[in-house]
Amino acid sequence: DAKTTQPTSMDCAEGRAANLPCNHSTISGNEYVYWYRQIHSQGPQYIIHGLKNNETNEMASLIITEDRKSSTLILPHATLRDTAVYYCIVKMAAGNKLTFGGGTRVLVKP
Amino acid sequence: DAGVIQSPRHEVTEMGQEVTLRCKPISGHNSLFWYRQTMMRGLELLIYFNNNVPIDDSGMPEDRFSAKMPNASFSTLKIQPSEPRDSAVYFCASSFLEYNQPQHFGDGTRLSIL
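Note that the protein sequences, when read in sequence, are chains Z and L. With the working numbering, letter number 76 in the first sequence gets 76, and the count goes up by one each step, no holes. With the working numbering, letter number 110 in the second sequence gets 110, and the count goes up by one each step, no holes.
Worth flagging that the hints you see were computed from the coordinates, not collected in a lab. Remember, predicted model here, so these are calculated numbers, not experimental data. Glycine included, each C-beta is placed from N, C-alpha and C at the ideal position. Hints may contain errors.
[To be verified] Computed cross-link-like contacts, DSS-like style, restricted to lysine-lysine with a CA-CA straight-line distance of at most 25 Å: (1) Z/K109 with Z/K3; (2) L/K78 with Z/K69; (3) Z/K3 with Z/K69; (4) Z/K69 with L/K68; (5) Z/K52 with L/K68; (6) L/K24 with L/K68; (7) Z/K69 with Z/K52; (8) Z/K69 with Z/K109.
[Said to hold, decoys possible] Sample of chain L residues facing chain Z (criterion: CB under 8 Å; computed from the structure): (9) L45; (10) L46; (11) N52; (12) D56; (13) F91; (14) N100; (15) F105.
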């Protein structure tokens, strides 16, 4: 599975959009981009995934660049409860395995 | 809906003792995963099962670790004998085996080996 690079940490203001970048320059054509988050003392939580088209669900939006070498997770209106570590993972469609990196520690401030 | 249920939530025991962690996956899910999380190594996959059959145990650190899935609704991760370096949070996750289904995680077992 391709490796991902994320900033170690970032702050954002409550009520504002949070834009979380992820680089995956070695991604191959059959690999998907997944996002999970882990709130303190809880298990990781699935957020969203995509292949090449932008995706949106009730939690977030995922924007994937045309060359698929990077993506951005957007939390449209960040709340204090969105404070967590966010993991960007690249995974082959047919495989089960998730390989977690260090993630981005997001702190939402009032 | 009931999520992935792990027990116990916390376990403190002395080194050398046998430790058994338990997991009940989401009903209907046919893939089950065991992960370990430490500050030093982050979140690591230990082993996973498809349809109760172990598929990849390459992440199991050594022979002291074993995992079983006797049926679709129950799995155990056993450490015998336990060592202080086994202290970590152990997560269980489950998913549908089919194409691109996300994994759903339990809240973990925090294990401390004294």
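Within 25 Å, alpha carbon to alpha carbon, are Z/K52 and L/K68? violated, 37 Å
Interface restraint verdict for L/L46 against chain Z (beta-carbon cut-off 8 Å): violated, 11 Å
Given the hint that Z/K69 pairs with Z/K109, test it: the Cα-Cα distance must not exceed 25 Å. Violated, at about 30 Å.
Let me know if the C-beta of L/N52 comes in closer than 8 Å to any C-beta of chain Z, holds or violated. This interface hint is violated because 14 Å lies over the 8 Å limit.
Assess, step by step, whether the Cα of Z/K69 is no farther than 25 Å from the Cα of L/K68, and give holds or violated. Violated, because 39 Å separates the two Cα atoms, which is more than 25 Å.
Can L/L45 be said to touch chain Z, with a Cβ gap under 8 Å? holds, 6 Å
Agreement of Z/K69 and Z/K52 with the hint, judged by alpha carbon distance not exceeding 25 Å: holds, 10 Å
Does the interface hint hold: is L/F91 within less than 8 Å of chain Z, judged Cβ to Cβ? holds, 5 Å
With chain Z as the partner, please determine if L/N100 meets the hint condition of a C-beta pair closer than 8 Å. holds, 6 Å
Regarding the pair Z/K109 and Z/K3, is the alpha-carbon distance no greater than 25 Å? Violated, at roughly 30 Å.
Is Z/K3 within 25 Å of Z/K69, Cα to Cα? holds, 11 Å
Assess, step by step, whether the Cα of L/K78 is no farther than 25 Å from the Cα of Z/K69, and give holds or violated. violated, 40 Å
Figure legend: structure checked against the earlier numbered hints; hints not met, in rising order: 1, 2, 4, 5, 8, 10, 11.
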